[in-house]
Amino acid sequence: GAVVSQHPSRVICKSGTSVKIECRSLDFQATTMFWYRQFPKQSLMLMATSNEGSKATYEQGVEKDKFLINHASLTLSTLTVTSAHPEDSSFYICSARTGTSARNEQFFGPGTRLTVL
Amino acid sequence: GQQVMQIPQYQHVQEGEDFTTYCNSSTTLSNIQWYKQRPGGHPVFLIQLVKSGEVKKQKRLTFQFGEAKKNSSLHITATQTTDVGTYFCAGHTGGFKTIFGAGTRLFVKA
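Residue numbers (my numbering), protein chains in the order written: chain A, 140 to 256; chain B, 181 to 290.
Pulled out of the complex, with its shape left as it was, chain B reads as follows:
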């Protein structure tokens, strides 16, 4: 069945270092969404990418959607302790449901 693979599973960084998480789909996606879940909290929507090759920025966060619309990445520049949490990508093939990646847990050491 359709899968959305996400790597790495977790990453430890020193505050100020950059961080990237990657998502890859076995099938072409109509769009991809990114969510952040803080420890003990619930997922919160960050952004949605729809167009091939699309790049969107939110302050220190940069989101990319691959040309083939099968992969996506989230890059955080100069991480801060407030960036701690699990980042999930969620892909759609144009159908009804959302397929979540396994998530990447980010740990930031001050």
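So that you can see chain A by itself, here it is in the shape it has in the complex:
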């Protein structure tokens, strides 16, 4: 099956620093990638949708300048949490889809657990 990797799997940083998370589709080209945030015991909250070569579409309430998304190629998307604060601590998960149709299933990365001290 399709594999999506995410790096790093876990990161601890000081308040005020920036953290970059990479999401890669290893054996397929991902036309669309999604970034989710998940708090403990809660559902997945979609943060943004990114298409290769174009600007990401952010969900309401998600700060574009704080969560920078770059979909540089058909196999790589990055999420940069800028000037991180303790309230940004969460589990960040990316997913990738092969096409633009909502009928295409999403393949999830293993997630990145961010802890901001």
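Don't take every hint at face value.
As the list claims (entries may be wrong) - Calculated lysine to aspartate or glutamate pairs in the DMTMM-like style (CA-CA distance at most 20 Å, straight line): (1) Lys237/B with Glu161/A; (2) Lys231/B with Glu244/A; (3) Lys203/A with Glu161/A; (4) Lys289/B with Asp198/B; (5) Lys216/B with Glu244/A; (6) Lys289/B with Glu195/B; (7) Lys236/B with Glu244/A; (8) Lys205/A with Glu244/A; (9) Lys180/A with Asp263/B.
As the list claims (entries may be wrong) - Anything over 12 Å on all C-beta distances counts as not near chain B; from chain A, calculated: (10) Ala141; (11) Gln145; (12) Pro147; (13) Val150; (14) Ile151; (15) Thr156; (16) Lys159; (17) Glu161; (18) Lys180; (19) Leu183; (20) Glu191; (21) Gly192; (22) Lys205; (23) Thr254; (24) Val255.
Calculated from the structure, these hints are not laboratory results. Ideal Cβ placement from N, Cα and C applies to all residues, glycine included.
Put chain B on the given structure of chain A with help from the hints.
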């Protein structure tokens, strides 16, 4: 806005008992997908339902899509400890994005 409601929030069962989780959408869905997330893991795709009234089975798991394409259910027969995790439904209205339900956490006691 579009919502996908999922119940129950959690359920404790004895191993061997059945389990069902339900999803309801405020709008008609073009399709619905189901995912399972094990504790500490990431969501894994289980199945997709597209047709009105569709029923699909995967071993002990039975998935249904309502006639009006607004609701769906996942039923597990004779649960096992390996079924532990959170089950999410994810609905689409034909647009671009996926709307996840809140998930149902299943606890199975041996």
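For each hint, the structure was consulted:
Proximity of Lys237/B to Glu161/A is assessed by CA-CA distance (about 35 Å); at most 20 Å being required, the pair is judged violated. A C-alpha spacing of about 16 Å is found between Lys231/B and Glu244/A, which places the hinted pair at or below 20 Å, so the restraint holds. A distance of roughly 17 Å separates the Cα atoms of Lys203/A and Glu161/A; the hinted pair therefore holds under the 20 Å criterion. Among the hinted pairs, Lys289/B with Asp198/B is consistent with the structure: their alpha-carbon atoms are about 12 Å apart, no more than 20 Å.
For the hint linking Lys216/B to Glu244/A, the alpha-carbon distance of about 13 Å falls within 20 Å, and the restraint holds. Between Lys289/B and Glu195/B the CA atoms are separated by roughly 6 Å; this keeps the pair inside 20 Å, and the hint holds. Between the alpha carbons of Lys236/B and Glu244/A the distance comes to roughly 16 Å, so the proposed pair stays at or under 20 Å and holds. Simply put, Lys205/A and Glu244/A have alpha-carbon atoms about 28 Å apart, too far for the 20 Å limit, and the pair is violated.
Our distance criterion of 20 Å between C-alpha atoms is met by Lys180/A and Asp263/B, whose separation comes to about 17 Å. With a cut of 12 Å on Cβ distances, Ala141/A falls inside the contact zone with chain B, its closest approach being about 9 Å. The Cβ of Gln145/A does not lie farther than 12 Å from every Cβ of chain B; its closest approach is about 8 Å, which violates its non-interface assignment. Every beta carbon of chain B lies more than 12 Å from that of Pro147/A, the smallest distance being close to 14 Å; the non-interface claim holds.
No beta-carbon of chain B comes within 12 Å of the beta-carbon of Val150/A; the shortest separation is about 16 Å. Its beta-carbon lying about 17 Å from the closest one in chain B, Ile151/A satisfies the requirement of being farther than 12 Å from that chain. Every C-beta of chain B lies more than 12 Å from that of Thr156/A, the closest at about 25 Å, which supports listing it as non-interface. No Cβ of chain B comes within 12 Å of the Cβ of Lys159/A; the nearest lies about 19 Å off, and the non-interface call holds.
In this structure Glu161/A is separated from chain B by more than 12 Å, as the shortest Cβ-Cβ distance comes to about 15 Å. Separation of Lys180/A from chain B is inadequate, the least Cβ-Cβ distance of about 7 Å not exceeding the 12 Å criterion. Under the 12 Å C-beta cut-off, the non-interface status given to Leu183/A relative to chain B is violated; the minimum distance is some 5 Å. No Cβ of chain B comes within 12 Å of the Cβ of Glu191/A; the nearest lies about 14 Å off, and the non-interface call holds.
Every CB of chain B is more than 12 Å from the CB of Gly192/A (nearest about 16 Å), matching its label as outside the interface. Interface exclusion of Lys205/A from chain B stands, the closest Cβ pair being 20 Å apart, more than 12 Å. Non-interface call for Thr254/A relative to chain B: holds, since the shortest CB-CB distance, roughly 15 Å, exceeds 12 Å. No Cβ of chain B comes within 12 Å of the Cβ of Val255/A; the nearest lies about 20 Å off, and the non-interface call holds.
Violated hints, in rising order: 1, 8, 10, 11, 18, 19; the structure is consistent with all others.
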